[in-house]
Amino acid sequence: MNSRSIKVDYLARVEGEGGLYVRIKGDEVAEVRFNIFEPPRFFEAFLRGRHFLEAPDITARICGICPVAYQMSSSHAMEQACGITVGGALRDLRRLIYCGEWIESHALHIYMLHAPDFLGYEDAIGLAKDYPDIVQRGLRLKKTGNDLMGLLGGREIHPINPRVGGFYRVPTEKELTAFVEPLEWALEAALETVRWTAGFSFPRLERDYECVSLRHDSEYPLCEGRVVSNKGVDIPVEDFLKVFEEEHVPHSTSLHAFVKDRGDYLAGPIARYNNNFDRLPEVARKAAVAAGLDEVCRNPFKSIVVRAVETVFACAEALRLIHTYSKPDRPFEECTPRNAIGSGCTEAPRGLLYHRYHIDDQGLIKTARIIPPTSQNQKAIEADLRLFVQQNLHLTKDKLTWQCEQVVRNYDPCISCSCHFLNLQIDRD
Amino acid sequence: MAATKKPKLAVWKFASCDGCQLSLLDCEDELLAVAGAVHIANFPEASRAVVRGPYDLSLVEGSITTSHDAERIHRIRRMSRRLVVIGACATAGGIQALRNFADVDRFKQIVYPHPEYIECLAKSTPIADHVFVDFELRGCPINKYQLIEVVSAVLNDRKPNIPRYSVCMECKRRGNVCVMVASGIPCLGPVTQAGCGALCPSYNRGCFACFGPAATTNPHALTGCFEQQGMTGDAIVRTFRSFNATAEPFRKQSEAYEQ
Ligand code: SF4
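If you read the sequences in order, they're chains A and B. Count along the first sequence from 1, then add 8; that gives the number in my numbering. Count along the second sequence from 1, then add 25; that gives the number in my numbering.
No wet-lab data here; the hints were simulated from the structure. Possibly wrong hints are sitting among the right ones.
What the hints assert, rightly or not - Here are the simulated lysine-lysine pairs, PhoX-like style, with alpha carbons at most 20 Å apart: (1) Lys148(B) <-> Lys133(B); (2) Lys374(A) <-> Lys133(B); (3) Lys405(A) <-> Lys387(A); (4) Lys407(A) <-> Lys387(A); (5) Lys239(A) <-> Lys268(A); (6) Lys405(A) <-> Lys33(A); (7) Lys137(A) <-> Lys148(B); (8) Lys33(A) <-> Lys250(A); (9) Lys30(B) <-> Lys137(A).
As the list claims (entries may be wrong) - Pair ranges (Cβ atoms, derived): (10) Lys250(A) <-> Ser92(B): 38 to 46 Å; (11) Glu253(A) <-> Ala127(B): 51 to 59 Å; (12) Asp182(B) <-> Thr93(A): 53 to 61 Å; (13) Arg99(A) <-> Gln134(B): 49 to 57 Å; (14) Arg203(A) <-> Ser92(B): 48 to 56 Å.
Cβ atoms here follow ideal geometry from the backbone N, Cα and C, with glycine treated the same way.
Kindly produce the complete structure, drawing on both the sequences and the hints.
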């Protein structure tokens, strides 16, 4: 029997630990599997009995790459439980720090983790030897995002300033105006990034994804909106668990989410872009069109271009928020706990992040549920891999292995998050 | 110096959030210089290239939580001339060490529909519980400038200049008004090691001990103040049980308040 397998034991340039296993029998892909060997850390268990105000600081530690996402989703959930909403300048500041995280995380992924694949380098350091100016641009872009998080958050990894209700300290207008110049540079650099990534050659792969993201009345989504899909989902955040479910498969310490009665779906930059193209500012829409992207993108390899378009959005939005900012009278809204359930959904750089808490009237957490983006994308990644390998059986093992890794990296998977992920193995004779 | 003579650096991950190793990539201004001075031989988060050991310096992030990892750390130690552990996970077991105060089987049932698929140890333990460690760099996350200092010190065989005094010292130096004295905000600064630059008090909040216990601490005296401010026993237990919950002075203090 003619059977072979591809195996990558430790997938590089992803955040966390995971491997990938593909078994090929004759001309058929027999099995595709993720091995998430990121050890479980049990956040949802030890959150029980903690105080609701601790949730943003504790859940940030699920992921060092997108701590702001964890802080925002948990804060929104707690605020819903307490029956308050945060509006005005405090809400704008939340969008602003989130823009910082998007710029940082997208620039990191585009320049350091993903672009080397397209250009045939093992890493960004190799890339930097031949293209020092490009890598420098990426690093400076990343730094602009980090600096913004540094000001608003206190530090870029696990910020200390965001809290349930708002912030501990809000910046002065002058502190923010200092960011206008770096952000104007960053906006130009992001536009350059769109043009640069649009010139890559993209392996062929198209799937008719169910794209799931937030959608807001007027804004490109960050913190608020309804959960929608191109296949008919349109629900408030509270109803998330009515439509989405998680299953536990033996080879993974991460749960796989799916749309009830339907199956895999896509979250993240492509899903957001496809659902919200009309909500992008003009500068980002124009850049996308000039780069040859349609209003709907179905090739996951092009996620790098979409990420660049979203970076343009984040820079433009940050500038807009700074120009309209005036310092609020108080840094946060007071929250009085009550026995209630609250849910929060925000757009982490790599996709939707759902939190749900039940708290009591002392403010202690009774139950916690967290569904990170990588759990939501895991099934889609496996489906992409299955199709991609099937279409590319003629490739040499080395080439196929590298491109399979790339299929996974398209998702910028954050394995630390989902574990609550990678190791590529392709088996064939 | 010939390229082959550059010291070989490896980065390893155990149970963690990746934040501490990300600190290295966050050294945007220094990264290419670092990459020029050392040979990055194994850093899966940044590169698919893997150069075999031995390594001159291994940086280890994360805590030991599985029997597989308890063996892996010994292999890494054998391949490493110097081994430096980075972050609260690696130096104190991290936030995931909260299981040490609970029943891990119960935890598995809470999080996973099929607890029987999950293999892990009952406790999350720091790296030094398993192998000899050359230096422990604290923080959740670590301070990237301290990381650069430790890497250059260790590669040059000198002692890293990392102060072990408390956050209060940094706070005074920044000219902050004490949040505890002036605003009655509970603050762990007096018992916590410096390194963050007294971040929280500079943002009008109390320190919550990301950097673990300072060299000489008296958590007992501090909890007395907390009680006077009306903090309950439960809240005191929670205060000492976060990212460095199993660090000796913090563990003792939380257990003293647990009935
Ligand atoms: S110490 Fe904190 S920042 Fe560092 S890896 Fe552990 S959880 Fe992340």
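Okay, the hints, checked on the actual structure:
{"no.": "1", "hint": "Lys148(B) <-> Lys133(B)", "result": "holds (13 Å)"}
{"no.": "2", "hint": "Lys374(A) <-> Lys133(B)", "result": "holds (16 Å)"}
{"no.": "3", "hint": "Lys405(A) <-> Lys387(A)", "result": "violated (24 Å)"}
{"no.": "4", "hint": "Lys407(A) <-> Lys387(A)", "result": "violated (23 Å)"}
{"no.": "5", "hint": "Lys239(A) <-> Lys268(A)", "result": "holds (12 Å)"}
{"no.": "6", "hint": "Lys405(A) <-> Lys33(A)", "result": "holds (14 Å)"}
{"no.": "7", "hint": "Lys137(A) <-> Lys148(B)", "result": "violated (44 Å)"}
{"no.": "8", "hint": "Lys33(A) <-> Lys250(A)", "result": "violated (38 Å)"}
{"no.": "9", "hint": "Lys30(B) <-> Lys137(A)", "result": "holds (19 Å)"}
{"no.": "10", "hint": "Lys250(A) <-> Ser92(B): 38 to 46 Å", "result": "holds (39 Å)"}
{"no.": "11", "hint": "Glu253(A) <-> Ala127(B): 51 to 59 Å", "result": "violated (27 Å)"}
{"no.": "12", "hint": "Asp182(B) <-> Thr93(A): 53 to 61 Å", "result": "holds (57 Å)"}
{"no.": "13", "hint": "Arg99(A) <-> Gln134(B): 49 to 57 Å", "result": "violated (38 Å)"}
{"no.": "14", "hint": "Arg203(A) <-> Ser92(B): 48 to 56 Å", "result": "holds (50 Å)"}
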